[in-house]
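There are 4 protein chains.
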Amino acid sequence: MHKVTLLGTGLIGMFYTMTLQGQRGRDQVQVAYSRTEERAAKFAQDWEVPRWTTDMEEAVRNPETDVVVIGLPNNLHQEAVLLAAEAGKPVLCTKPLGRNAAEARAMLDAVERAGVFSGYLEDLVYTPKTLKSIESVKNGSLGKVLWARSRETHPGPHSDWFWDPEQSGGGVIIDMGCHCIEIGRSFVGKEIKPVEVMCWADTQVHPIEAEDHAIGLVRYENGAIGQFEVSWTFRGGMDLRDEVSGTEGTIWLDHFLRTGFEMFTTTGLGGYVAEKAEHETGWLFPVGDEVHALGYVHMFTDMFDAMDSGRKPMETFYDGYIVNAIMDACYRSVKSKRWEPIDLEVWRGAVKTEAESKEVDYDEKSVLIKKEKMPDGRTKLILKDKESGKVIQKIEE
Amino acid sequence: MHKVTLLGTGLIGMFYTMTLQGQRGRDQVQVAYSRTEERAAKFAQDWEVPRWTTDMEEAVRNPETDVVVIGLPNNLHQEAVLLAAEAGKPVLCTKPLGRNAAEARAMLDAVERAGVFSGYLEDLVYTPKTLKSIESVKNGSLGKVLWARSRETHPGPHSDWFWDPEQSGGGVIIDMGCHCIEIGRSFVGKEIKPVEVMCWADTQVHPIEAEDHAIGLVRYENGAIGQFEVSWTFRGGMDLRDEVSGTEGTIWLDHFLRTGFEMFTTTGLGGYVAEKAEHETGWLFPVGDEVHALGYVHMFTDMFDAMDSGRKPMETFYDGYIVNAIMDACYRSVKSKRWEPIDLEVWRGAVKTEAESKEVDYDEKSVLIKKEKMPDGRTKLILKDKESGKVIQKIEE
Amino acid sequence: MHKVTLLGTGLIGMFYTMTLQGQRGRDQVQVAYSRTEERAAKFAQDWEVPRWTTDMEEAVRNPETDVVVIGLPNNLHQEAVLLAAEAGKPVLCTKPLGRNAAEARAMLDAVERAGVFSGYLEDLVYTPKTLKSIESVKNGSLGKVLWARSRETHPGPHSDWFWDPEQSGGGVIIDMGCHCIEIGRSFVGKEIKPVEVMCWADTQVHPIEAEDHAIGLVRYENGAIGQFEVSWTFRGGMDLRDEVSGTEGTIWLDHFLRTGFEMFTTTGLGGYVAEKAEHETGWLFPVGDEVHALGYVHMFTDMFDAMDSGRKPMETFYDGYIVNAIMDACYRSVKSKRWEPIDLEVWRGAVKTEAESKEVDYDEKSVLIKKEKMPDGRTKLILKDKESGKVIQKIEE
Amino acid sequence: MHKVTLLGTGLIGMFYTMTLQGQRGRDQVQVAYSRTEERAAKFAQDWEVPRWTTDMEEAVRNPETDVVVIGLPNNLHQEAVLLAAEAGKPVLCTKPLGRNAAEARAMLDAVERAGVFSGYLEDLVYTPKTLKSIESVKNGSLGKVLWARSRETHPGPHSDWFWDPEQSGGGVIIDMGCHCIEIGRSFVGKEIKPVEVMCWADTQVHPIEAEDHAIGLVRYENGAIGQFEVSWTFRGGMDLRDEVSGTEGTIWLDHFLRTGFEMFTTTGLGGYVAEKAEHETGWLFPVGDEVHALGYVHMFTDMFDAMDSGRKPMETFYDGYIVNAIMDACYRSVKSKRWEPIDLEVWRGAVKTEAESKEVDYDEKSVLIKKEKMPDGRTKLILKDKESGKVIQKIEE
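Protein chains in written order, with the working numbering: chain S, 1 to 397; chain A, 1 to 397; chain L, 1 to 397; chain W, 1 to 397.
Treat the hints as calculated values from the structure; they're not laboratory data. Some clues are possibly wrong.
Any copy will do: because identical chains look the same in the list, a pair fits if it lies in one copy or spans two.
What the hints assert, rightly or not - In silico lysine-lysine, DSSO-like type, Cα no more than 27 Å apart, as pairs: (1) K335 to K390; (2) K193 to K370; (3) K365 to K138; (4) K337 to K193; (5) K3 to K386; (6) K371 to K386; (7) K373 to K358; (8) K390 to K276; (9) K144 to K337; (10) K276 to K3; (11) K193 to K335; (12) K337 to K358; (13) K373 to K386; (14) K138 to K373; (15) K276 to K380; (16) K371 to K276; (17) K138 to K337; (18) K373 to K276; (19) K352 to K144; (20) K138 to K276; (21) K42 to K358; (22) K144 to K42; (23) K337 to K370; (24) K89 to K370; (25) K352 to K335; (26) K138 to K394; (27) K89 to K365.
Construct the complete structure from the given sequences, taking the supplied hints into account.
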């Protein structure tokens with residue numbers, strides 16, 4: 001059983017608390033910190049949190065708590081992590097870890113120097129669908145992963161600081177690209193090195209400095225591609241989907257807009273529909289249990305179980321650092337309009353991944369390109385002559 | 001925090017334990033009872049349950065536990081409930097409550113006489129989608145509910161006793177009709193009296209005495225219809241869907257086969273797909289988190305929270321009794337081939353529900369039947385003359 | 001190439017003409033008949049039909065046309081068919097054939113006596129999805145068909161006469177039950193005799209005499225069930241779905257509301273969405289090509305090709321008569337509240353269908369009930385002892 | 001009524017003929033040309049084509065035909081088009097128009113010099129769903145289009161020449177990128193100039209020279225992005241989906257794998273499932289009417305109707321040329337690893353598209369960034385101060 005110091009009482013702090021204190025959980029928020037008295041007090045009352053404060057250091061050092069959970073704006077992560085490390089407490093930090101790789105690196109170093117447990121609260125890698133998919137991919141259900149698309153789009157965030165690059169570190173890439181990049185990495189394999197990125201970003205709709213729409217390709221050393229699509233311009237709710245393609249299979253996940261829950265109403269009296277839902281009548285697509293569908297439940301279970309059993313959680317500050325480094329390369333690519341190498345000062349995965357041979361002999365003379373059953377029941381082969389390189393087709397009777 | 005005596009270590013006992021002990025829960029199974037030593041011991045080991053026994057009474061009376069959870073074959077529910085009532089312990093019993101209304105009534109009387117807390121473990125009413133839908137319906141999103149279809153079908157149950165009417169009380173109606181009937185009742189409104197049923201059942205596929213396919217209509221006093229479709233003959237996995245129609249809206253739920261998780265694999269190496277899944281390659285439809293999707297998590301939360309706060313849970317033995325009474329009428333209807341009244345010795349809902357008037361005046365002379373916007377943008381009205389009863393149409397310019 | 005006399009210029013006449021004259025078709029409407037001059041003239045102008053008239057007999061006898069297509073209210077079908085038979089012209093009649101079996105029988109007799117080609121315009125049996133499914137079922141993809149559900153629901157028809165039982169012959173059963181019944185029959189097998197029906201119907205919403213919601217079960221001689229669900233009370237558009245279950249498989253069809261076309265719009269400026277669509281903003285579900293999706297294209301192709309090659313079409317007046325006879329039994333069942341036999345004076349299918357044995361020997365002593373692969377990879381068998389009838393389970397190692 | 005010279009009798013020639021001669025069409029294939037006698041004769045017999053030949057010029061010049069339809073490998077398009085132009089006959093050419101822009105330009109010049117009608121047979125722009133979507137977008141349902149993703153992937157083509165860059169002009173970009181690029185262009189607006197592309201391509205699976213997987217971004221002058229994803233490495237069938245995002249809405253289309261037709265079969269006896277389907281048992285996703293779903297029907301209707309009425313079809317050789325020019329830039333970008341300008345010697349669209357201002361005043365001092373209704377019913381505003389540029393939030397009571 002853990003007692004938590006929660007830093008930040010916005011939407012994310014609320015989701016974390018709903019998760020921890022919902023469904024007969026044994027862990028509790030003991031102290032809530034907010035920058036304003038009014039919000040801290042209200043939050044404590046709403047969620048039956050015993051203590052609140054507007055002093056971050058006091059919150060971190062509170063002797064009744066044994067773990068610090070950070071749900072603050074991005075520009076405050078580093079300060080909070082350093083306080084936790086100094087206090088010698090395990091620290092769990094929301095995504096993205098830093099506004100850039102340098103900040104993330106500093107946080108990683110701080111917790112490792114202090115020897116405290118660190119968890120990177122990348123919830124979308126922990127959705128029940130994603131966890132089961134990743135396990136299935138590891139078991140070989142898809143063969144070698146070739147491509148993973150992760151998409152997160154909605155009409156824009158709910159708090160002012162997201163829109164201000166000074167506080168957030170960027171726009172929609174920083175806000176949601178971090179999710180998609182880590183999802184892609186999880187499917188391709190975290191031990192495979194991401195080597196370069198190509199990214200497009202633009203400010204298509206909102207009167208802001210930061211990008212509100214971005215698409216990026218992350219190329220891994222083994223040739224696999226992680227594709228992310230993030231936008232604050234999407235209309236129709238929140239679109240959270242992943243697609244994974246491998247040599248032997250395919251996975252399609254829809255986490256939010258089409259999950260087997262469809263409602264039509266002319267009255268709109270049903271109440272809250274779902275995060276970022278844009279309308280209240282007509283066809284609606286609610287989510288059964290949002291904190292569960294978004295991965296919060298399994299994420300905190302992994303974090304606290306890891307702490308209890310002395311192992312590392314699935315997502316650590318190291319992972320957060322890798323993601324920040326990839327995003328840094330994305331921002332460079334947007335400007336340079338070319339593929340940019342990913343600069344990884346710290347890399348703990350495989351040193352070198354060899355590409356596999358694609359050649360499968362059909363017979364002594366030829367290599368098999370494709371085998372296909374035709375409508376008439378016969379099998380058609382596409383072959384390449386080994387010497388001439390010529391492509392021919394052949395019907396197997 | 002509760003310590004549980006679990007009676008029964010089959011599939012349902014395993015699901016209950018996975019639920020209670022998963023995700024940082026504070027409640028624990030303390031004693032497991034099985035009819036055979038081998039299974040009791042293995043279960044205790046697998047799930048880290050401190051004690052096990054093959055003596056049901058001993059398990060119930062164990063002083064370390066404060067609640068009894070029953071996951072036994074249907075013919076053992078009554079004995080177990082009576083033991084718990086005698087022991088003065090809260091008792092939660094799996095579905096169906098009894099093999100018939102008489103047994104259910106005896107159990108209801110026993111817990112009420114003993115003054116112990118009783119919970120009916122009807123998990124499918126507690127799925128996150130169902131809970132949110134019921135709340136939404138109560139808020140008025142669908143107007144008046146007219147019809148609710150609930151469907152549960154798969155290729156047949158996994159244990160011998162389900163197939164033996166002596167132990168189970170019947171066939172697929174007893175096994176899964178109970179789910180669908182209570183889902184229908186929850187959408188129509190539990191305070192509305194179910195008055196009669198029409199049911200078809202047949203043994204279409206398996207060499208058994210009991211029915212393996214059934215369809216029933218439950219008519220409620222206010223004219224609403226609860227339709228259930230249950231089968232042990234379905235191919236393709238487990239089909240769990242609900243549809244609700246009201247005067248102002250519609251709800252469609254898919255709990256299992258189409259929930260936004262789709263996988264194609266040629267290797268079939270992904271591992272366990274989902275309960276009752278029938279194949280391992282090609283297109284598969286896994287479920288992210290089964291115990292959550294099937295309602296177990298929210299069900300036990302309601303049960304234990306209710307116990308802790310001294311309120312009744314959403315589903316009590318009274319509800320289980322109503323469901324059994326409806327199923328009794330179904331079995332009579334299958335034989336008589338006509339609508340059969342539902343015999344409710346105990347009824348605690350509304351005494352009489354008046355049908356609402358359907359007449360909405362269009363003007364002094366006519367009643368509005370329908371209003372429709374046409375492709376050309378004009379509005380068409382279908383009206384009934386109050387005096388002559390004649391139907392006419394009229395274009396509103 | 002055919003030249004058509006079209007009787008009726010309402011919605012159905014328009015759909016028929018769109019079909020015939022769309023997509024480079026070689027057949028044309030030559031004469032249009034409507035009861036009012038205004039509508040006849042306007043229709044002829046809109047669709048470039050050379051001639052129009054308000055005299056039905058003149059339209060039928062017009063020497064320039066070689067086939068009569070009936071798209072009139074139900075109470076005018078018989079008169080129109082008799083005129084066509086007298087004129088010796090092939091006649092295609094919209095659904096339902098008659099207001100009851102007696103009328104349908106009279107029409108069947110008339111065309112057979114006159115020796116003219118007759119086609120029953122049951123479009124929903126001809127949708128591309130349905131045609132391919134029926135063929136697939138005939139090929140054995142589903143084994144023996146056990147159950148077929150067909151559902152057609154929307155918020156109510158667009159013309160006054162549908163709402164008046166005098167003109168239409170009933171309510172929603174006559175309007176749409178005819179579709180669903182013939183779909184069920186097509187999947188079960190048209191040679192299998194439908195023997196009895198159980199039907200519930202009610203007037204739940206509209207201030208009319210006729211039923212606006214009905215559910216029925218048609219039992220076939222081989223034990224298969226055709227289930228229909230029809231309603232004028234549905235909200236959310238037009239719901240057209242079929243489900244078929246067999247011993248070896250399952251088919252699910254969605255013809256209208258979820259066909260892979262999804263649109264969200266805040267402006268609603270997209271134009272016509274789909275038949276019976278109820279709203280213009282938010283999430284909409286248009287249909288790509290309605291006349292094609294609803295079966296009109298394949299239906300007329302079959303009809304005219306049959307005429308050209310001297311064979312019978314897939315749907316004849318005989319089929320229309322069977323459907324009317326089933327609906328007659330439905331109306332009797334609604335009143336009697338019991339299963340009612342289907343009275344078939346004319347029956348041209350199989351005389352007697354034997355039920356198949358369900359017993360499959362596992363070994364000398366026992367019969368196999370079920371075989372299931374378990375999560376741990378082992379196979380579990382449910383067996384019945386031949387002598388005692390006792391059910392046991394066994395693990396195959 | 002048209003009589004057609006069909007050049008090429010492979011899969012595409014078969015699809016074209018099925019379309020022309022299916023469903024009571026008035027147009028017919030009169031002469032079929034194939035490079036081998038055997039295939040020409042067999043095709044003519046299978047499809048009841050009166051004449052066949054292995055002499056392309058003879059086929060084109062046949063006096064009985066009035067239009068030439070080209071369904072040949074890419075390296076033969078130019079020769080065939082020039083023959084048709086010389087013969088003064090209308091010519092319809094399959095996609096892609098050329099192996100590169102130079103070839104396409106030569107063909108465009110040839111038909112324009114000869115003054116013959118030219119149609120570019122880009123079927124996927126003509127699917128019923130796509131046509132209705134494009135019309136809807138033009139009507140304003142999505143506001144300004146910001147992004148359009150078009151995806152076409154399957155396990156690889158069925159004929160040898162696709163795999164040989166010499167004959168085809170490239171790999172999967174040439175084979176399917178042409179579809180996706182024109183779909184994107186159609187949604188963004190064909191009058192908007194495509195200015196530059198970024199493209200990744202790789203040979204991930206097959207032992208070939210050409211690329212078997214590619215992803216590209218086409219940037220339009222108004223800032224919109226057309227994204228294409230094409231692959232010969234996909235497993236699970238043929239994936240044809242489009243997504244369009246605009247300032248006011250969203251469109252999602254699925255043309256092939258999820259269209260409301262789902263089948264589970266243990267026997268696999270249903271027959272042909274769908275183009276590129278990979279398996280025969282388990283869950284299958286057939287397509288109702290493939291030639292219709294893939295746009296062939298509406299495409300030929302537009303082509304022949306255009307010819308008959310003297311207007312241009314929706315897709316001309318000019319469009320084919322633009323697509324080739326975009327693909328040329330893609331291949332350059334794959335090599336240079338940077339955004340590459342699109343070289344358009346011929347451009348007939350808008351000369352210059354101005355970006356629209358994104359600034360909407362909230363009041364004198366501030367600009368509106370976002371307006372959102374919160375769960376508690378209040379409205380939250382995100383505003384930017386005009387002078388300082390600072391972002392703030394404000395609750396409207």
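Okay, the hints, checked on the actual structure:
1. In the homo-oligomer, the alpha carbons of K335 and K390 lie at most 27 Å apart only across protomers (24 Å), although the nearest pairing inside one protomer, at 42 Å, exceeds that limit.
2. Taking the closest pair of Cα atoms, K193 and K370 never come within 27 Å of each other, the shortest separation being 30 Å inside a single copy and 38 Å across copies.
3. In the homo-oligomer, the alpha carbons of K365 and K138 never lie at most 27 Å apart, since the shortest distance is 35 Å inside one protomer and 44 Å across protomers.
4. Taking CA atoms no more than 27 Å apart as the test, K337 paired with K193 passes in both settings, with 22 Å inside one copy and 19 Å between copies.
5. With identical chains, the CA atoms of K3 and K386 are never at most 27 Å apart, being 67 Å at best within one copy and 45 Å at best between copies.
6. Within a single copy, K371 and K386 get their C-alpha atoms as close as 17 Å, which meets the 27 Å cut-off; across copies the closest is 49 Å, which misses it.
7. For the homomeric pair K373 and K358, the shortest alpha-carbon distance inside one copy (21 Å) is at most 27 Å, but the shortest distance between copies (35 Å) is not.
8. Taking the shortest Cα distances, K390 and K276 sit within 27 Å of each other only across copies (24 Å), while inside one copy they are farther apart (55 Å).
9. Within a single copy, K144 and K337 get their C-alpha atoms only as close as 30 Å, which misses the 27 Å cut-off; across copies the closest is 25 Å, which meets it.
10. Proximity of K276 to K3 under the C-alpha cut-off of 27 Å is found in neither arrangement, the shortest distances being 31 Å within a copy and 40 Å between copies.
11. In this assembly of identical chains, K193 and K335 lie within 27 Å of each other by CA distance both inside one copy and across copies; the values are 23 Å within and 22 Å between.
12. Proximity of K337 and K358 under a CA criterion of 27 Å is satisfied inter-copy only: 24 Å between copies versus 32 Å inside one chain copy.
13. For the homomeric pair K373 and K386, the shortest alpha-carbon distance inside one copy (24 Å) is at most 27 Å, but the shortest distance between copies (45 Å) is not.
14. For the homomeric pair K138 and K373, the shortest alpha-carbon distance between copies (22 Å) is at most 27 Å, but the shortest distance inside one copy (29 Å) is not.
15. For the identical chains of this complex, K276 and K380 are inter-copy neighbours only, at 13 Å across copies versus 50 Å inside a copy, given an alpha-carbon limit of 27 Å.
16. Taking the closest pair of Cα atoms, K371 and K276 come within 27 Å of each other only across two copies (11 Å); inside a single copy the shortest separation is 46 Å, beyond that limit.
17. Neither within a single protomer nor between protomers do K138 and K337 lie at most 27 Å apart by alpha-carbon distance, with minima of 35 Å and 31 Å respectively.
18. For the identical chains of this complex, K373 and K276 are inter-copy neighbours only, at 9 Å across copies versus 46 Å inside a copy, given an alpha-carbon limit of 27 Å.
19. For a Cα distance limit of 27 Å, the shortest separation of K352 from K144 inside one copy, 16 Å, qualifies, whereas the shortest one across copies, 46 Å, does not.
20. When the C-alpha separation of K138 and K276 is checked against a cutoff of 27 Å, the pair qualifies only between copies, where the shortest distance is 23 Å, while the shortest distance within a copy is 33 Å.
21. Taking identical chains as interchangeable, the C-alpha atoms of K42 and K358 are never at most 27 Å apart, the minima being 61 Å within one chain and 36 Å between chains.
22. Taking the closest pair of Cα atoms, K144 and K42 never come within 27 Å of each other, the shortest separation being 50 Å inside a single copy and 38 Å across copies.
23. Neither within a single protomer nor between protomers do K337 and K370 lie at most 27 Å apart by alpha-carbon distance, with minima of 36 Å and 29 Å respectively.
24. Taking the closest pair of Cα atoms, K89 and K370 never come within 27 Å of each other, the shortest separation being 57 Å inside a single copy and 38 Å across copies.
25. In this assembly of identical chains, K352 and K335 lie within 27 Å of each other by CA distance solely across copies; the values are 24 Å between and 29 Å within a copy.
26. For the identical chains of this complex, K138 and K394 are neighbours neither inside a copy (36 Å) nor across copies (33 Å), given an alpha-carbon limit of 27 Å.
27. For the homomeric pair K89 and K365, neither the shortest alpha-carbon distance inside one copy (65 Å) nor that between copies (45 Å) is at most 27 Å.
In summary, the structure is inconsistent with hints 2, 3, 5, 10, 17, 21, 22, 23, 24, 26, 27 from the numbered list given earlier, while agreeing with the others.
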